[in-house]
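What follows is the residue order along each chain.
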Amino acid sequence: MQNIYKKNIILFLFLGIYACKKVITVDLKNATPQIIIQGNVTNEAGPYTVKITKTVAYTSDNIFPPVTGATVSIKDNTTNTTDALTETLPGIYSTSALQGVQGHSYTLSVLAEGNQYAAISTMPQLVPLDSITFINEATSNLVNVVVNFQDPVGTPNYYQFMQTSIKYRFFDTLKKIFVFGDRLSDGKYVRRQLLVNEKGNLANRDTALVEMQCIDKNIFNYFNQLDRITNPNNNQSSTPANPTSNINNNALGYFSAHTVQRKKAVVKL
Amino acid sequence: MSISKYLIVLAFYMLPICVYAQPTNKHSINGTIRDGKNGETLIGASVTLLEQPGTGATSNSYGFYAISTADGTYTMITSFTGYSSDTQQIVLNKNLTLSIKLFSTGSQLESVVVSQKKRNDNIAKPIMGVQKLSINEIKNVPVLFGEKDILKTIQLLPGIKSAGEGNSGFYVRGGGADQNLILLDEATVYNASHLLGFFSTFNSDAIKDVTVYKGGMPAEYGGRLSSVLDIKMNDGNNQKFGVSGGIGLIASRVNVEGPIVKDKGSFTVSARRTYADLFLKLSKDSTLNKNTLYFYDINAKANYKLNDKNRLYLSLYTGRDNLGFGGTFGIDYGNATGTLRWNHIFNNRLFSNTSLIYSDYSYKIKIRSGNNDIDITSKIRDLNLKEDLQYYVNANNKINFGINMIYHNIIPGVVTASKASSFNSIELQKKYSIENSAYVSHEWSATEKLNLTYGLRLSSFSILGPGTFYRYDTAGNTIGSSSYTANKVVKSYINLEPRLAASYKLTENNSIKASYTRNVQNLHLLSNSTSTNPTDLWIPSSNNIKPEIADQLALGYYQNFKNNMYEFSSEVYYKDLHNQIDYKNGAELRANENVEAQLLIGSGRAYGVELFFKKKYGKLNGWIGYTLSKAERKIEGINNGNYFNAKQDRTHELSLVGIYEASKKWTFAATFVYYTGNAVTFPSGKYNVNGGTVFYYTERNGYRMPAYHRLDLSATLQGKKTRKFESSWTFSIYNAYNRANAFAIEFQDEPNRFSYKTQAVQTTLFQIVPSVTYNFKF
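Residue numbers (the working numbering), protein chains in the order written: chain A, 174 to 442; chain B, 21 to 798.
I should point out that these hints are in silico values taken from the structure, not numbers from a laboratory. Be a bit skeptical, because a hint or two may be false.
Stated by the list, open to error - Residues from chain A shown here face chain B by an in silico Cβ test under 8 angstroms; the list is partial:
| no. | residue |
| --- | --- |
| 1 | Cys193 |
| 2 | Val199 |
| 3 | Lys202 |
| 4 | Thr228 |
| 5 | Asp234 |
| 6 | Thr251 |
| 7 | Thr254 |
| 8 | Ser304 |
| 9 | Val363 |
| 10 | Ile402 |
| 11 | Asn415 |
Glycine is no exception: its CB is placed at the ideal position from the N, C-alpha and C atoms.
Just chain A, same shape as in the assembly:
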């Protein structure tokens, strides 16, 4: 239902006969650097990584300092085994023996710069992705990817899709993340259009790579909120706030145990 709101933009386009945009300077405060933890466990073979970085000032370059020397472990709560991660690159910590299993829950523990952080995530059962197809919206002249799968009835399911578009005509790849919950689609055969995005749109002979992840509720909430503050079409529509993380002690980021499937298709018009 989100595209309802996207399409209001067309109204603004009409009014936009008068509208204009310009880059301005805004004087922003510089918050004390915060820790960001991003960790994943999947049903694919390891190693799995946990990345720890810090925030920078708005005016700085997009280069985020790694947090080194942290103590990181992931515990499989079902088998009660713990994997101590080793720092393989600055700020990047890898597992050695852990294998993600559907239905198992995992606890991440991090001791970094004297602070202790923890998060729990449960890997849902995999929901098979049948295929990816394309839709050409007559009104927008954009080709979009459609993911096709059967949502299991009676259980809440949450999905994340990562679309990578490889342009045929020139070298370029564009990545976009979508999350989808079955709150209004429980038990339906879902043909979900990955949303219209001017930058991510596809043309003839372009390739689309789609990764489908089955994620837990907290991760869905996290990425759903993240989408609201990072999608430029959305970020004026509500007061922005930091997404609610499943990691405690005010850390930014997330820890997700999820399944992974991939499909690839080429646009043929």
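With the hints as your guide, set chain B onto chain A.
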């Protein structure tokens, strides 16, 4: 619980005050005050007796007035702004009915040299925080696209802030946009905007009178915290048939009016429609020319005098927006209202009005995209019975009392999806509620200098079954539920709302005033966007949501100069707000049965000073308004539970309005506004998640948008006036010096993908916008 019982108790309580002195040989004069040319009743005209200064009456919403005083011979003067006064000698030895006709002076060029005193009601009356605008004042003020608009013109008054660039939404004294009670001939208008807020639903051709109460609301009004915007429609010319209209850049308007039976009844019908969609069709761009985009409004009203004691009024309004995007997506939405009223004059002293009111707001969304055929509908519908009585005890005492019953029926959402669709069809539980209230208020001229209006409103709100009502823990998880059958009371809230206003005249030309008002609101608009959306949802108070309550205290100083040609007022106010609604991070308000679990409840405060200086008469007239204010909210879970600026908090706000009547042909007008930017949330750092830049936020509304300022100009050329035909051209320029005001500021990575920087991009909605409108009348 019986409302009427309370009412009787209250009436008895007040009785001793009114009947303390009832000397013999007293009689009363009453009647209706009308425009002599077209028979429109005049609201707020004043009647005074020259021999008894301090005695007088003001005509009510139906033009009715009544004065009762000791027998004698009097000179009775009736006056109204923009009209020549009427003076008559009367001999009072029995009850008199005297209908009065006043004639317009034709323009605002009212002669400055007058023998009698101008009205100084603003000094003497215990009315605070009230602004009245006549259509004449609205007519000349320049607005966006030349489409004159009541809701945009009131935003030029102190204490009333625009909800955004070119927006008809407004905030009053730190309150939210949904805390304004907007009444069109007594019917609540739930969504007063067209085209996502750029135009108001009020076609100014159909409007007679606009009154805004920012505080000190009389006890007959209730249901919203911040303000009452009381809009009255024209009754229609009861003397002769006429047609008028206008052709503008955005919309065309036509109005037909005339007598049903001369002097007994009249009707008026006004309609307008926009034609922006016709321009879209001309576009070669296929993403534009398949779209629809229009709105229309129809206002109709009729009244008929059955006899000297009874008159009937019927008012109808319907308006709808229709937006469609190439057949894949469409939304239509709008209001419909109807008011049937019966004025009855029981006797010389008791005036009654009974109203049966219907109001309705609905929207329908159609999505036809790929395999997804989805319709979403939502509706709020009110049935309202209202009885208002005005008892003119004597020259110094008037009692207003009445009761009101509203039945609300809310259909939050029905989603109908095709079988092949990825979505399930769902129907959210319908919400039924009943709102009862009773009020009594006493207008009392205690001494020649001291005037008081005090009263009490008793309101009750009950949410009714059928349905299942859930309870939630603080995390928003369901912890229990109870089911109720039809018409079973799930939860009731009873509130007493005291209202008090006093004025003390220091001299003939200045006075001090004070007021205290409590307001209660039981319908809440859920909107987590910064602008109003047609799909925003109204929800009633429930087992989880308590009524919103506001207490407002105000003090004022009023001064008139130069025979009341200039008026100055200053008011300070402090407002305490309880049970204010905000949203949890990432709240899902759409199609959600558990929407109440997504809310955060807190409190708020607002305070400020408003200065207003107005020149009422002469070739050059207009006003200057200045507001210094603060609006804050305090909500557990936001900003560590500390007070933070509400989004509508703007420290300074200045508006200037000047209208200059250069000649009989040309009138020029200019408005200038300046205000501090809204409080907004901007990032204070950034980081990276999965390869994308994410901004880091530290506090809610800790930053400001850039200051806003704008100058608008207009010129009106009056065409040749004949007995049969008159016309005029209005040329206007919005944002005359082309100020690039910020509508939005977005933070993003620089588009160059070899860059490692982020940037702030400002969107300006309207740069200089010229427009022209042609108006005619025959």
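A:Thr254 was flagged as interface toward chain B. Is the shortest Cβ-Cβ separation under 8 angstroms? 27 angstroms, violated
Against chain B, with CB atoms and a cut of 8 angstroms, does the hint on A:Asp234 hold up?
At 4 angstroms from the nearest chain B Cβ, A:Asp234 passes the 8 angstroms test, so the hint holds.
Could you check if A:Thr251 really has its C-beta closer than 8 angstroms to a C-beta on chain B?
24 angstroms, violated
Restraint: A:Thr228 near chain B, CB-CB cut 8 angstroms. Satisfied or not?
Holds, because the Cβ-Cβ distance from A:Thr228 to chain B comes to roughly 4 angstroms (cut-off 8 angstroms).
So, as I understand it, the hint says A:Val199 touches chain B; can you test that by seeing if any CB pair is closer than 8 angstroms? 5 angstroms, holds
Subject >> Restraint outcome when A:Lys202 is required to lie within 8 angstroms of chain B by C-beta distance >> reply: OK, holds: A:Lys202 within 8 angstroms of chain B, min 4 angstroms.
Point to revise | Minimum beta-carbon distance criterion (8 angstroms), A:Val363 to chain B | key: 4 angstroms, holds
| field | Minimum beta-carbon distance criterion (8 angstroms), A:Ser304 to chain B | value | Violated - the Cβ of A:Ser304 stays beyond 8 angstroms from chain B, reaching only about 14 angstroms at its closest.
inquiry  = Using the nearest Cβ pair, does A:Ile402 come within less than 8 angstroms of chain B?
reply    = 7 angstroms, holds
Tell me if A:Asn415 is really an interface residue toward chain B, meaning its C-beta lies closer than 8 angstroms to one of theirs. 5 angstroms, holds
Problem - Interface hint compliance - A:Cys193 to chain B, C-beta minimum distance less than 8 angstroms - result: For A:Cys193, the interface hint holds, since the closest Cβ of chain B sits about 5 angstroms away, which is under 8 angstroms.
The structure shown violates the earlier hints numbered 6, 7, 8.
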